[in-house]
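Protein chains in written order, with our numbering: chain A, 33 to 258; chain B, 33 to 258; chain C, 33 to 258; chain D, 33 to 258.
In case anyone wonders, no lab produced these hints; they're calculated from the structure. As the structure is a computational prediction, the values presented were derived from the model and not from experiment. Take these hints with a grain of salt, some might be off.
What the hints assert, rightly or not - From chain B, some residues computed to sit far from chain A (all C-beta separations above 10 Å): (1) L35; (2) A36; (3) A39; (4) P92; (5) A107; (6) L108; (7) S113; (8) A133; (9) H148; (10) G166; (11) H177; (12) R178; (13) R221.
Said to hold, decoys possible - To be clear about the criterion: a stretch of chain A counts as covered by chain B if any three or more of its residues have a C-beta under 8 Å from a C-beta of chain B, and this derived list gives those stretches: (14) 35-42; (15) 134-145.
As the list claims (entries may be wrong) - On the chain A side, residues computed to face chain D include the following (Cβ under 10 Å): (16) I70; (17) L72; (18) L77; (19) I129; (20) A169; (21) I170; (22) C174; (23) Y189; (24) V191; (25) Y194; (26) W195; (27) T200; (28) L246; (29) A247.
Idealized CB from N, CA, C, for every residue including glycine.
Each chain, letter by letter, is given below.
There are 4 protein chains.
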Amino acid sequence: MRLARAAVAEFLGTALLLAAVVGSGIMGERLAGGNTAIALLANSLATGGALVCLIAVFAPISGAHLNPAVSLADALRGGLSWRETPVYIGAQIAGAIVGVAAANVMFGLPLFFASHHVRSGGAQWFSEFLATFGLLAIIWGCARHRPAIVPFTVAAYIVAAYWFTSSTSFANPAVTIARSLTDTFSGIRPDDVAGFVAAQLLGALAATALFAWLAPQSGEASHDLA
Amino acid sequence: MRLARAAVAEFLGTALLLAAVVGSGIMGERLAGGNTAIALLANSLATGGALVCLIAVFAPISGAHLNPAVSLADALRGGLSWRETPVYIGAQIAGAIVGVAAANVMFGLPLFFASHHVRSGGAQWFSEFLATFGLLAIIWGCARHRPAIVPFTVAAYIVAAYWFTSSTSFANPAVTIARSLTDTFSGIRPDDVAGFVAAQLLGALAATALFAWLAPQSGEASHDLA
Amino acid sequence: MRLARAAVAEFLGTALLLAAVVGSGIMGERLAGGNTAIALLANSLATGGALVCLIAVFAPISGAHLNPAVSLADALRGGLSWRETPVYIGAQIAGAIVGVAAANVMFGLPLFFASHHVRSGGAQWFSEFLATFGLLAIIWGCARHRPAIVPFTVAAYIVAAYWFTSSTSFANPAVTIARSLTDTFSGIRPDDVAGFVAAQLLGALAATALFAWLAPQSGEASHDLA
Amino acid sequence: MRLARAAVAEFLGTALLLAAVVGSGIMGERLAGGNTAIALLANSLATGGALVCLIAVFAPISGAHLNPAVSLADALRGGLSWRETPVYIGAQIAGAIVGVAAANVMFGLPLFFASHHVRSGGAQWFSEFLATFGLLAIIWGCARHRPAIVPFTVAAYIVAAYWFTSSTSFANPAVTIARSLTDTFSGIRPDDVAGFVAAQLLGALAATALFAWLAPQSGEASHDLA
Numbered sequence: 033m034r035l036a037r038a039a040v041a042e043f044l045g046t047a048l049l050l051a052a053v054v055g056s057g058i059m060g061e062r063l064a065g066g067n068t069a070i071a072l073l074a075n076s077l078a079t080g081g082a083l084v085c086l087i088a089v090f091a092p093i094s095g096a097h098l099n100p101a102v103s104l105a106d107a108l109r110g111g112l113s114w115r116e117t118p119v120y121i122g123a124q125i126a127g128a129i130v131g132v133a134a135a136n137v138m139f140g141l142p143l144f145f146a147s148h149h150v151r152s153g154g155a156q157w158f159s160e161f162l163a164t165f166g167l168l169a170i171i172w173g174c175a176r177h178r179p180a181i182v183p184f185t186v187a188a189y190i191v192a193a194y195w196f197t198s199s200t201s202f203a204n205p206a207v208t209i210a211r212s213l214t215d216t217f218s219g220i221r222p223d224d225v226a227g228f229v230a231a232q233l234l235g236a237l238a239a240t241a242l243f244a245w246l247a248p249q250s251g252e253a254s255h256d257l258a
Numbered sequence: 033m034r035l036a037r038a039a040v041a042e043f044l045g046t047a048l049l050l051a052a053v054v055g056s057g058i059m060g061e062r063l064a065g066g067n068t069a070i071a072l073l074a075n076s077l078a079t080g081g082a083l084v085c086l087i088a089v090f091a092p093i094s095g096a097h098l099n100p101a102v103s104l105a106d107a108l109r110g111g112l113s114w115r116e117t118p119v120y121i122g123a124q125i126a127g128a129i130v131g132v133a134a135a136n137v138m139f140g141l142p143l144f145f146a147s148h149h150v151r152s153g154g155a156q157w158f159s160e161f162l163a164t165f166g167l168l169a170i171i172w173g174c175a176r177h178r179p180a181i182v183p184f185t186v187a188a189y190i191v192a193a194y195w196f197t198s199s200t201s202f203a204n205p206a207v208t209i210a211r212s213l214t215d216t217f218s219g220i221r222p223d224d225v226a227g228f229v230a231a232q233l234l235g236a237l238a239a240t241a242l243f244a245w246l247a248p249q250s251g252e253a254s255h256d257l258a
Numbered sequence: 033m034r035l036a037r038a039a040v041a042e043f044l045g046t047a048l049l050l051a052a053v054v055g056s057g058i059m060g061e062r063l064a065g066g067n068t069a070i071a072l073l074a075n076s077l078a079t080g081g082a083l084v085c086l087i088a089v090f091a092p093i094s095g096a097h098l099n100p101a102v103s104l105a106d107a108l109r110g111g112l113s114w115r116e117t118p119v120y121i122g123a124q125i126a127g128a129i130v131g132v133a134a135a136n137v138m139f140g141l142p143l144f145f146a147s148h149h150v151r152s153g154g155a156q157w158f159s160e161f162l163a164t165f166g167l168l169a170i171i172w173g174c175a176r177h178r179p180a181i182v183p184f185t186v187a188a189y190i191v192a193a194y195w196f197t198s199s200t201s202f203a204n205p206a207v208t209i210a211r212s213l214t215d216t217f218s219g220i221r222p223d224d225v226a227g228f229v230a231a232q233l234l235g236a237l238a239a240t241a242l243f244a245w246l247a248p249q250s251g252e253a254s255h256d257l258a
Numbered sequence: 033m034r035l036a037r038a039a040v041a042e043f044l045g046t047a048l049l050l051a052a053v054v055g056s057g058i059m060g061e062r063l064a065g066g067n068t069a070i071a072l073l074a075n076s077l078a079t080g081g082a083l084v085c086l087i088a089v090f091a092p093i094s095g096a097h098l099n100p101a102v103s104l105a106d107a108l109r110g111g112l113s114w115r116e117t118p119v120y121i122g123a124q125i126a127g128a129i130v131g132v133a134a135a136n137v138m139f140g141l142p143l144f145f146a147s148h149h150v151r152s153g154g155a156q157w158f159s160e161f162l163a164t165f166g167l168l169a170i171i172w173g174c175a176r177h178r179p180a181i182v183p184f185t186v187a188a189y190i191v192a193a194y195w196f197t198s199s200t201s202f203a204n205p206a207v208t209i210a211r212s213l214t215d216t217f218s219g220i221r222p223d224d225v226a227g228f229v230a231a232q233l234l235g236a237l238a239a240t241a242l243f244a245w246l247a248p249q250s251g252e253a254s255h256d257l258a
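Excised from the complex, chain A in its bound form (with noise of 0.2 Å):
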């Protein structure tokens, strides 16, 4: 039962996740006459806004992780069980692909539909890597020792993490592979997600070793990692 809702949690906090991050991307689109930045300064603060509240609302449930990379590392580090593990992720996917469609809905477009954004190459790759190293940095360093405010340091994380890398900072494979089925501001070209989502990878497994050293009492955190 614990797990069932612990599922549910993750599926519906990852689909509100998408919502936010693809809907405020096209109304920013749509509203900024043609000034990008307008766009994704309404874009990161909508994503952290509900950052904030989606985290604050599902921690107690579930840890909050909406994101595979966060699950992956948390069961390595040895909090979430290699048993529920696969459950997390896969209604982390679920949810996220949900969470597009429910944007693309609010905003009469289709249900899905393919992205033709190009993001690709080294220096979108080393910024995924980073991006997710830093989001795992905050998870481990945070959670043990101050779980309060975890809504709030990754919510700040991820409105910088737009602005500082030249990918956007997806920072989560569930957010890629589902970004990919809209045509949207927010939107990767399906052929760019296993590039993304291996940078992440990299980058969460980098954090969380570094981390095991430089932070090591946070080596017991429980999936209630948030």
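Based on the hints, put chains B, C and D in the right spot on chain A.
Quick look at chains B, C and D alone, frame taken from chain A:
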């Protein structure tokens, strides 16, 4: 006496909320030089800022519902009594209308003048359903576990929802009724009010039902839910 | 000695507040390329950011009033003594004037030069009444129950009030006097100062009277009100 | 071992800070279509977001100074030992330089290329003096009383100071040195580094001396000052 104070709190809080929503919409549009994204950025951030303080101030007095959908959902779950509920809703609607008048007067406009802003159709109604679903999810998910952060999570959510829904997330029947009385940036045509309110109530019901299962420990939430 | 420290805190805090308000107004206008909404966005966010830290830093020393309307209201409710009140107000006004000079110098402008920005008329006065009413409502509503969040609620309120009032919410007599001494974005014509200050004091009185009934437990608020 | 961890934390934290500052400056300028205010809005919000999480993550390990002026001031007040101080400062400068390289690479630019951005003159130096004075005032004022909010107050301060100083508030010698190595939005001409650093150190000293009297209870602040 306690109910009288609560009614005044709901009246005053909703009035100040509407003054903030409508006033910042007018200011944003006047200054933005035709760039609607910049106007909505100002409008959303100002609404969020107002919510942080209004919820913090009025929660100890009335629970800071400021929203008939919240009061109804709370009554359904056994928080607010059915005797108090109409007092709350009446105070919210009256306050919302007075708040719109205050905004109109601050900007040298008529006390009331009906909006011509068309907001209708399936995509908009689905947006309002989802916006209110999310709002109630946050309230049921956070209010019991971490009441101290509710002012911040609700504000963060509304800033995000202004952007990720095509309706700019009214998510509040009192707000919807009152915003029909100003023909400015944040207005809604009187004919479109009923559709929005219906979608909002459905969204609130859906979230309340789901969270009764997903986060059952919040079942005893009193009307001090914020 | 405690009063000397409090006076220095009020002086320094109000000086830094005015440096932030006036300086960010100048920077915003210089960079915004004629789009006043973008300039006001920068101005309001910078003012909010400054308030968060100034209240957090100076509250333990002086209560971080930084505003004669707050000191007067606190004295009326028995917090600040009538002997300390003129010391506070004197320090605030002196600090505000020095802060404007600092901003002018940082941007290579004359130490002082009178503003030509007309801010007058009923709509503006009503705006200042409401802005200061709201500010004092937050102080009386939050300061006793949850002093730890006052830096954030006051900052959030001022960001919002810059946008939802037609006067951009001065809400502070010391700030109003000092802003007459800079002919830049945030200035006010010296002739218009008296009207603003009168409206502010009326708003502060109205909120103080209402909250004596609405939230009576805050009656004993000491001058450590933030 | 503890010092090794602290050095890695200062290195990594300052590297990520510079990646955020420089990267978001490049992104902001590329997307803003020539409107410098929008670029600076993105740059300031991204820097603030990064500071929130970096201070929260690294404070338990090293105090999260990320700034030679902070380490020196802390040593002067008996926090950081004089043996640790050069280790901290070395790690900060090395980290800052690596962070600039990371930002340059993320955006497909050369690893290092000297800035041509002139930042000089009395108004700029006074800005840096005041910016660093304010930063240290926040650290001495908040770090003892309320360490839990330091990530938020420092971030709020820096967002504000980007706007209210004419120098956009470097306020950090390691940041200043490193930003000379990128000819992008946030760069500074190598010739202008010394003047900025001198003004910053004077500002830090002035605030440290004043707060030794104004808030003497913070005299025992350890190097866990954040």
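### Query
Should the interface hint for L72(A) be scored as holding, given a Cβ-Cβ cut-off of 10 Å against chain D?
holds, 6 Å
#### Entry: Given as non-interface: P92(B), partner chain A, CB spacing beyond 10 Å
Given a closest Cβ separation of 20 Å, the condition holds.
### Task
Could you let me know if the closest chain A CB is still more than 10 Å away from the CB of L35(B)?
holds, 30 Å
### chain D contact restraint on I170(A) - CB to CB distance below 10 Å
holds, 5 Å
### Task
Say whether it holds or is violated: A39(B) keeps its Cβ farther than 10 Å from all Cβ of chain A.
Check passes; 28 Å lies beyond 10 Å.
### Given as non-interface: H177(B), partner chain A, CB spacing beyond 10 Å
violated, 5 Å
### Query
Holds or violated: A169(A) as interface residue toward chain D, Cβ cutoff 10 Å?
It holds, given that the least Cβ distance between A169(A) and chain D is near 6 Å, below 10 Å.
### Query
Is the nearest CB of chain A more than 10 Å from the CB of S113(B)?
Given a closest Cβ separation of 26 Å, the condition holds.
#### Entry: Status of the Y189(A) interface restraint (C-beta, 10 Å, chain D)
holds, 4 Å
### Cut-off 10 Å, beta-carbon criterion: hint that C174(A) touches chain D
With Cβ-Cβ at 5 Å, under 10 Å, it holds.
### Query
A133(B): least C-beta distance to chain A exceeds 10 Å?
Given a closest Cβ separation of 28 Å, the condition holds.
### L77(A) as chain D interface residue, shortest Cβ-Cβ below 10 Å
holds, 8 Å
The structure fails to meet hints 10, 11, 12 and 19 from the earlier list, while all remaining hints are met.
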